[in-house]
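Asker: Sequence:
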Amino acid sequence: MTLAPFVRIVAQGKGRARAMTLDEAQDAMSVILQGKAAPEAVGALLMVLRLRGEEPQEIAGFTAALRAHTKGQLPAADLDWPSYAAGRSRGAPLYLLAARLVAQTGVRISMHGHNAYQNMAIQPDDIRALAGPQVRYDPLAELCPEAFSLLDLRRDLGLRSCINTVLRMWNPAQAPATVQGVFHPSYRSLQAQAAEILGQKTLSIIKGGGGEFERHPSKDIICFGLRKGQHIQEKAPAILSQTRRLHEESTRIDPRALWQGTLRDPFAEATVTGTAALALWTLDPNLTLNAAQGHANALWLDRTMDEGIYA
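Residue numbering for the sequence shown follows this note's numbering, beginning at 4 and increasing consecutively.
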């Protein structure tokens with residue numbers, strides 16, 4: 004089977020082209036992942052979808068194919084935490100400290116990603132050292148080389164594609180709960196709709212720093228997602244009144260020093276605890292946002308500081 008029938012569906016012309024169904028999208032991605040598609044056809048399909056706009060059932064179909072392709076590769080986890088942002092606005096990866104904080108409660112976190120397009124300084128070993136020994140981190144290139152090749156087409160095409168969205172939806176550890184960050188607000192609803200199609204029950208999506216699941220503590224945050232399979236939109240009020248950008252170039256934060264307590268920065272600490280609170284709120288349906296923030300604040304004060312942060 005080739006990719007030609009699927010390219011024809013989405014690109015045959017005004018008034019005749021249409022979106023793929025869930026099954027068609029799943030079949031198309033299966034052809035790609037099995038190496039049966041010509042590279043020209045892959046590029047054509049991805050760029051047509053970018054130009055036209057992504058549809059929930061297409062994202063769900065692509066994601067279902069990727070899940071089937073990689074099923075059983077990772078141990079079970081409680082929380083899926085994709086990390087695929089590497090934008091120019093990306094500063095210190097404080098979301099890794101938030102994941103570390105949550106993991107110290109015994110939550111099994113599966114983090115997977117690729118962060119090298121515009122930030123070559125952060126490597127897998129750096130991520131593992133900051134996220135800590137209780138967070139599992141798998142680089143995309145090792146976890147699924149075929150998916151990495153699709154993401155890496157950005158180098159040749161010069162544009163992101165729907166693969167960025169699919170990878171956030173992937174959840175390779177089949178965790179019951181997921182947190183996701185997006186750069187463009189419209190993707191919050193898109194990803195929630197795709198997750199519903201896939202049968203996911205628990206999901207939180209925010210417009211996060213650089214596209215990561217990392218909240219701005221001085222802004223109200225609207226959380227999209229699912230609880231018990233039902234769509235939610237809930238506002239998390241600002242934690243601080245300070246007005247500033249999330250990552251100021253003039254204010255460089257050393258996350259290791261912040262964790263160890265040799266650096267005190269209330270804004271950075273609120274970024275960590277605020278992000279951790281949203282993850283805790285996602286995991287526990289009985290927590291309110293206020294209670295989750297209080298729990299995160301207590302965890303920060305009682306954090307274990309000597310677990311390989313300098314590894």
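These are calculated hints, taken from the structure and not from any lab test.
A portion of the hints provided could be inaccurate.
To be verified - Taking CB as the label site, the calculated pair distances span:
| # | residue 1 | residue 2 | range |
| --- | --- | --- | --- |
| 1 | L160 | D268 | 33 to 41 Å |
| 2 | A301 | Q76 | 54 to 62 Å |
| 3 | T265 | L160 | 23 to 31 Å |
| 4 | G38 | D305 | 48 to 56 Å |
| 5 | G18 | A260 | 54 to 62 Å |
| 6 | A301 | Q177 | 26 to 34 Å |
As the structure is a prediction and not an experimental result, all values here were calculated from the model.
All C-beta atoms in this analysis are idealised placements derived from N, C-alpha and C, irrespective of residue type, glycine included.
Asker: Evaluate each hint against the coordinates.
Answerer: Here is what the structure says about each hint:
1. Between L160 and D268 the Cβ separation comes to about 39 Å, which falls inside the hinted range of 33 to 41 Å.
2. Separated by about 35 Å at the C-beta atoms, A301 and Q76 break the suggested range of 54 to 62 Å.
3. One distance hint, 23 to 31 Å for the beta-carbon pair T265 and L160, is violated here, with the actual separation near 44 Å.
4. A beta carbon spacing of about 50 Å between G38 and D305 agrees with the range 48 to 56 Å that was offered as a hint.
5. Separated by about 60 Å at the C-beta atoms, G18 and A260 satisfy the suggested range of 54 to 62 Å.
6. Remark: the range hint 26 to 34 Å for A301 to Q177 is upheld by a beta-carbon distance near 30 Å.
Hint violations for this structure: numbers 2, 3, all remaining hints satisfied.
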